[in-house]
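Trainee: Assembly of the complex is requested from the two constituent chains, each provided in isolation within its own frame, with the hints serving as guidance.
Chains as they are written, first to last, in the numbering used here: chain A, 4 to 117; chain B, 410 to 522.
Note that these hints are calculated values from the structure, not bench results. Possibly wrong hints are sitting among the right ones.
[To be verified] Here are the computed lysine-lysine pairs in the BS3-like style, where the Cα-Cα straight-line distance is at most 27 Å:
1) Lys477/B <-> Lys521/B
2) Lys451/B <-> Lys67/A
3) Lys58/A <-> Lys69/A
4) Lys69/A <-> Lys17/A
5) Lys480/B <-> Lys465/B
6) Lys521/B <-> Lys23/A
7) Lys23/A <-> Lys69/A
8) Lys67/A <-> Lys17/A
9) Lys58/A <-> Lys44/A
10) Lys69/A <-> Lys44/A
11) Lys44/A <-> Lys521/B
12) Lys23/A <-> Lys67/A
13) Lys58/A <-> Lys23/A
14) Lys480/B <-> Lys69/A
15) Lys17/A <-> Lys44/A
16) Lys465/B <-> Lys477/B
17) Lys23/A <-> Lys44/A
18) Lys17/A <-> Lys480/B
19) Lys451/B <-> Lys17/A
20) Lys451/B <-> Lys69/A
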Amino acid sequence: GAVVSQHPSRVICKSGTSVKIECRSLDFQATTMFWYRQFPKQSLMLMATSNEGSKATYEQGVEKDKFLINHASLTLSTLTVTSAHPEDSSFYICSVRGPGNTIYFGEGSWLTVV
Amino acid sequence: GESVGLHLPTLSVQEGDNSIINCAYSNSASDYFIWYKQESGKGPQFIIDIRSNMDKRQGQRVTVLLNKTVKHLSLQIAATQPGDSAVYFCAETAAGNTGKLIFGQGTTLQVKP
Numbered sequence: 004g005a006v007v008s009q010h011p012s013r014v015i016c017k018s019g020t021s022v023k024i025e026c027r028s029l030d031f032q033a034t035t036m037f038w039y040r041q042f043p044k045q046s047l048m049l050m051a052t053s054n055e056g057s058k059a060t061y062e063q064g065v066e067k068d069k070f071l072i073n074h075a076s077l078t079l080s081t082l083t084v085t086s087a088h089p090e091d092s093s094f095y096i097c098s099v100r101g102p103g104n105t106i107y108f109g110e111g112s113w114l115t116v117v
Numbered sequence: 410g411e412s413v414g415l416h417l418p419t420l421s422v423q424e425g426d427n428s429i430i431n432c433a434y435s436n437s438a439s440d441y442f443i444w445y446k447q448e449s450g451k452g453p454q455f456i457i458d459i460r461s462n463m464d465k466r467q468g469q470r471v472t473v474l475l476n477k478t479v480k481h482l483s484l485q486i487a488a489t490q491p492g493d494s495a496v497y498f499c500a501e502t503a504a505g506n507t508g509k510l511i512f513g514q515g516t517t518l519q520v521k522p
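Chain B extracted, bound-state conformation (with noise of 0.2 Å):
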């Protein structure tokens, strides 16, 4: 069935470094996909996202890139900060782009100072 999972539950870095969550999906049909940060009781809050006809998009100190050969998706997020740290989450839209989303575990950020 369809799936979008993350590679690692945890990453720690440190405060300046640059930090890549990485996901992986596996419906190849799936044609949008959204990097999303959760803060602690709050709602997912939209990070980034990317179709499938591209490969690479940036945003403000965030860049998502999409490798459909191997069905990878990953987060980079440059000069990381202490207000990155949230669990972050990549999802995928079902065929059609519907609204309807398929969420990936989540990854926790953790940035030291």
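Same shape as in the complex, but just chain A (with noise of 0.2 Å):
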């Protein structure tokens, strides 16, 4: 069964409003969660790492402002994009590191913004 849990699967939203996608680390508690974005027919790029307890730490050129990072507990991470643009659809993916330091994603979230 699924390890990571993403919520929702697939999201249209409106430009200008704000939509959160939700990732559940459902067989251990993780401090450390991670945000990936993936545009069409392209790889897997970085946007932050979620810590539990603390800031977000994010990667060169993702604004903080935009996509707000929430790591509330020890099994969930909430990626919020506000104000969302079109350019902003894509294909978002958490994911989960493990014991023995293995990575497990989620199943991704599609967001389209109309």
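Mentor: Laid out in structure tokens, this is it:
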């Protein structure tokens, strides 16, 4: 079964609105989770590292005020895309480092901004 | 800066043949490498990994080879099947194996029946 769950799997939102994507670690506690973005026919690009109980660490070029990350518990990280624009339409994927340093990915969330 | 790249964007093979997907990495400090398979609309699926203290690792129908001298990684798939059709990514961990991955560009594997 799934180790990492993402919700929603697909979401459509209007331009200018905000949308929240959840990443849950189902089998173990995770102090660190990672958020990636993937545009069509491109690779995964790390956006940020979500740290439980502290601020997220953003990669260069990723706007922290636009992509809000909250890691309020050891099993849940959320990514909120604020004031979404059509260019934010993408596949958002989270990952979790589990026991033995194995990395588990969620099934991804498709965001379409219209 | 750090980067991981793939040599070929698309690889087309006949069913039953062996496939070889290549990857070049640039960070000599990376010590853990992973191959992922991604089917359309899904998250990456772990295939096989290798640590920098190894040259070769075998799994079921898959083999990963690591050449640290030239910073090259390859994935070999034996007896390729239609279900192997997907995009394959290599990834390296940032130094310290924090779980943060740097992905290559991806190779699309097309298996012809």
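Trainee: Check each numbered hint from earlier against the structure, then list the numbers of those it violates in ascending order.
Mentor: Hints 1, 6, 9, 14, 18 contradicted; others consistent.
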